Amino acid sequence: MMKLNINGEIHSLDADPEMPILWALRDILKLKGSKFGCGKGLCGACTVHLNGQAIRSCVTPLAAAEGSELTTIEGLSADGSHPVQQAWVEHNVPQCGYCQSGQIMSASALLADNAAPSDSDIDTAMAGNICRCGTYPRIRSAIKRAVEIQEAK
Amino acid sequence: METISQVNRRQFLQFTGLVSGGIMLGASLNAAGQVNKLIDVPPGTPSEALAFNLFVQISPDGQVYIVVHRSEMGQGIRTGLPQVVADELEADWQRITVVQGLANNKYGSQNTDGSNSIRDFYSKMREMGAAARAMLVQAAANQWQVPVQECFANQHKIIHKPTGNNLGFGDVVHAAALLPVPKLAELTLKSSDDFKYIGKPVPVVDLQNFVTGDTKFGIDVDLPEMVYASIQRCPVVGGHLKTLDSKAAKAVKGVLAVLTIEPTPLPAAFNALPGVAVIANNTWAANQGREKLKLEWHTGANGTHDSDEYMETLKKSLQSEGRVVRSKGDVDKAFDTHTHHVSAQYTVPYLAHAPMEPTMATAVVNEQGIEIWTCTQNPQATRDAVAAKLEVAPEKIIVHVTLLGGAFGRKSKPDYAVEAALLSRQLGGKPVKVTWTREDDIQFDFYHAISAQQYKAALNESGKVVALEGRTAFPSISSNWSLDANFASEGEVSLGFVDMPFELENLRLQTHRAETHIRIGWMRSVSNIQHGFAINSFVGELAQAAGRDSRDMLLDLLGSERMIDLSKSGVKKYGNYGEPIEKHPLDIARFRAAVVAVTDSAGWGGKTAADEGWGLAVHRSFVSYVAIATRVKVSKGKVDVKEVHCVADCGLVVNPDRVEAQMEGAVIFGLSIALMGEIKVKNGAVVNSNFHDYPVLRINQAPAITVTLLQGSEIPGGVGEPGVPPVAASVTNAIVAAGGPRIRDLPISGHLLV
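Residue numbers (this note's numbering), protein chains in the order written: chain L, 1 to 153; chain V, 154 to 907.
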C-alpha cells in the first residue's frame with residue numbers, strides 16, 4: 001500500500017510503484033483533470049507539480065511521489081482563482097481545452113519560480129507543452145497578465 | 154452494483170413519462186404537435202424542463218436549456234450556436250444551460266466538419282429561438298388577455314408595452330409549451346441592429362471548467378465496472394493477423410483478457426482495423442500487457458508501399474495523360490506563341506491530424522441496448538458504423554458526444570467506436586474504454602493525402618501571364634469506399650484547384666492518376682492544403698520571373714472585380730462547399746479586399762533587415778476568404794517565422810473572439826504543416842510514432858499573429874478551416890524574399906533548420 005499526498009489529502013493506493021502517476025490519478029483516484037497526450041514526456045498534457053516543480057506525470061512512476069506533495073489542476077486553487085487561471089479566463093485562452101490543465105500547471109510552476117519572466121523565459125518554460133489548437137499567442141499574453149494579477153495580490 | 158444499462162433504463166422511464174404527458178413538441182417547425190422520442194431530450198436536461206422545439210427547453214424556474222447538436226472541438230460551437238438561439242429568444246445569457254445532443258437524425262447533419270456548423274445552422278437556430286419566443290409572448294398575451302402585438306420579449310421577460318406589466322419566461326412556460334408551434338412564415342426574426350449576442354465576443358460556456366480541469370473529454374468517460382482496452386493493430390492496410398502468442402501479456406498484473414478484432418474486407422471505410430486488444434483493469438496495465446504480445450502479420454498487397462518511392466510515382470503520373478477538369482482558351486497555342494515559360498513542381502507529404510486527445514471511445518453492448526460515449530465529430534456516422542458492424546438497427550444505439558480534445562477531421566471517422574463496441578460485445582456487455590496511445594494516433598490515422606502538382610505559365614513581354622496549366626495528383630478520400638477510385642474526386646478538385654481565381658485567357662487544369670495504399674482522410678481544409686500551397690507559391694515564382702512585386706502580381710492575376718462563373722470554362726460540377734453559387738459566388742472583390750487589407754496590416758513594401766523578408770498568399774475555402782502575410786528571418790540555414798498577419802473575410806461572424814482564435818490556431822496548424830509535417834511510410838507501415846518524430850509547432854516556434862476580420866457578406870462562411878491553406882506558401886514565399894531558397898517540397902525542415 002502506497003501513501004500519496006495529493007492536493008493536500010493523503011491517499012492510500014494499492015498500485016504498482018512503477019505505474020506512472022498519470023494513470024494512478026486518472027484510473028484509480030479518478031482525478032481526470034491531468035490529461036494523456038503522448039506517454040513519453042513529449043507534450044506536457046499530463047503536467048502536475050511535485051513539490052512545486054512541474055513534472056510530466058505520464059513518465060514519472062508513483063514511487064517518485066511517495067513522501068512528496070503532488071498538486072494537480074484540481075488542487076491548484078479551491079475555486080479557479082489562481083492568477084494563472086484568472087488570466088486564462090480573461091484572455092479566453094482555451095480552444096478545445098484538452099492541453100490547458102497541463103499548460104496552466106506549467107505556467108503556475110514558472111510563476112512560482114520566477115515572478116517576472118521575460119518573453120524568452122516564458123517560451124523556454126512552456127516549450128514542453130504542446131497545444132495543437134494553437135493557443136500559444138494567448139498563452140504568452142495570459143502569462144504576462146497573470147504576473148500582473150499575482151503582483152497585485 | 155447497479156449496471157449502467159439499469160441506470161439508463163431508469164432514465165428511459167423518466168423521459169418516457171415526460172413524453173406521455175403530451176408536453177414534448179415537434180422536432181421541426183413544420184411538424185408541430187409531433188411527439189418526440191426519448192432520445193430528443195439529451196441527458197443534462199432536467200425532467201421539469203418543457204420542450205418548445207428540438208433545440209429549446211425551458212424549466213419553470215426560467216432556466217433555458219439549449220441543445221447543441223454539433224461537436225465541440227475547440228471552435229467554440231457550444232457557445233456560437235446557443236448565442237444565436239439565445240439572441241432570437243431574448244434570453245438572458247446568464248440563464249442558459251448548454252446541453253449536448255445525442256446522435257439524432259432529427260437535428261439534421263451532426264457531422265461537425267467542413268466548417269459547416271454556423272453556415273448550415275445559423276438560420277435554423279434563429280428560427281428555433283424566434284419560435285420559442287413567439288410562444289412565450291403569445292402565452293403572456295393570453296394570460297393578460299391583450300393583443301399579442303402589444304407584447305414583446307426582452308431579456309428573459311415578456312413585457313406588455315402599454316402597461317409595462319411583465320412576466321418572466323418561467324411564469325408562462327407551462328402555457329407557452331402547450332401552444333401550437335408557429336409556422337415558419339409567421340416567425341418574426343430580429344433586426345440585426347437589435348442583436349445582443351450575435352457578433353459579440355461571448356466567452357465560451359466551458360471556460361471556467363477548462364481552467365479547473367473539470368471537463369469530460371472522450372478519455373474521461375468512467376462507468377461502473379468499466380475495463381480498459383489497448384489495441385495492437387495491423388500496421389498495413391489490408392493485412393491481417395498471422396500468429397499470436399498472448400501468454401506473456403496475460404501474465405501482466407491487471408490484464409483480464411486478450412481479444413482479437415477480425416479484419417473487414419477492403420475498402421477501409423470506417424471499419425475497425427484488425428488487431429489484438431489487451432483488456433485490463435487500468436490503462437497502464439493494458440498498455441503493459443500489449444507490449445508483451447508476440448505478433449506476426451500478413452501484410453498483403455500494400456506491404457510494399459513506400460512514401461518516398463510513391464512520391465516519384467506521383468511525379469511521373471503528372472507527365473501521363475490527365476483528366477481535364479477546367480479549360481479555357483487555347484493553352485497549347487499560347488505556350489507556342491509566348492516563349493517565356495515558368496514551370497515548377499510542388500509536393501506535400503502525408504500528414505497526420507495529431508489532436509492532443511487521441512481517439513477514444515467507451516461502449517456498452519448488451520441485451521438492454523447499445524450505448525457509446527465518445528469524442529466524435531460525427532455521432533450519426535458513429536451510430537451507423539456500429540449498427541452496421543453489429544447488425545442492429547441504428548435506432549437501438551445511443552451515442553453520447555463528449556468534448557473533443559482537438560479533432561481536425563480525424564474524429565469524424567468512427568473506427569475507434571466500432572472497436573469499443575466489438576470488444577464490449579465480446580466481453581458480454583461490460584463497459585469497455587478503448588484508449589488510443591499517441592503511437593496509435595500517428596500510425597493508424599486517415600492521413601492527409603500525399604500530393605504532387607505541376608504548374609506552367611507563359612508570360613508576355615510586359616510580364617503578364619497569358620496562359621497557365623496546372624496538374625494535380627493525389628490519392629483520393631473516395632478510396633475509403635471504392636477500391637477503383639484512382640483519381641481525385643470532383644469534390645476534392647473543388648477544394649482550391651478547379652476554382653483557381655485568376656483572370657486568364659488561357660487556362661487548363663487537370664488531374665492525374667494516383668492509387669491508394671493507406672487510409673486517406675480529410676484533415677483541416679483537406680485538398681486546399683496542397684492547392685493553396687502550390688498555387689500561391691507559383692504566384693511568387695511568377696512575380697520573381699517577371700521581376701515584379703508579388704503583391705502586384707497577385708492582384709494582377711486576380712484581375713477585375715467580378716463573380717467567376719466556372720461553368721463557362723468547362724467545369725461540370727463545382728462543389729462550392731455545398732453552397733449554391735448564387736448565395737456564395739466566387740467573388741474577386743473579396744479576394745482583393747483581403748489581399749489589400751493584409752498587406753496594409755503588414756506594412757507591405759516597408760524596409761526589412763537583409764536576412765528578413767515578407768511572403769504573401771490568399772485563398773478561398775469553405776466560402777471564406779483568407780489572406781496571410783508572413784515575415785521570416787533566414788540566417789545560417791535556419792528559418793524563424795517572426796510575424797504573421799491574417800485577414801479573414803468569413804462573412805457574418807457570430808463570435809468574433811472565437812473566429813480570431815480559429816485564425817490564430819489555423820496559422821499555427823498551417824505552420825506545423827509548412828515547417829515540419831511529414832508522415833513517412835515504409836513497407837506499408839507508418840514510420841513515425843510520437844511527437845519526437847512527428848513534431849508539431851511549439852510555443853518557442855510560434856510567431857506573433859495579428860488577425861483582422863472583414864465582413865464581405867451578410868451570410869456566414871466557414872471559419873475552422875479557411876485559415877490553413879494560405880499559410881505554407883506565405884512562409885515559402887517569405888523565405889525567398891529573405892534570401893533563402895525556393896522550397897517546393899514540404900516540409901521546410903527538409904531544407905532548412907526550423
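In short, the hints are calculated from the structure, not lab data.
Source: prediction; values computed, not measured.
Glycine included, each C-beta is placed from N, C-alpha and C at the ideal position.
A few of these clues could be false.
Some chain L residues close to chain V (C-beta under 8 Å, calculated; not the full set) [stated by the list, open to error]: (1) 17; (2) 20; (3) 40; (4) 71; (5) 73; (6) 74; (7) 80; (8) 85; (9) 132.
Computed far set for chain L versus chain V, every beta-carbon distance over 12 Å [to be verified]: (10) 11; (11) 50; (12) 51; (13) 112.
Violations among the numbered hints, reported as their numbers in ascending order:
Hints 1 and 4 contradicted; others consistent.
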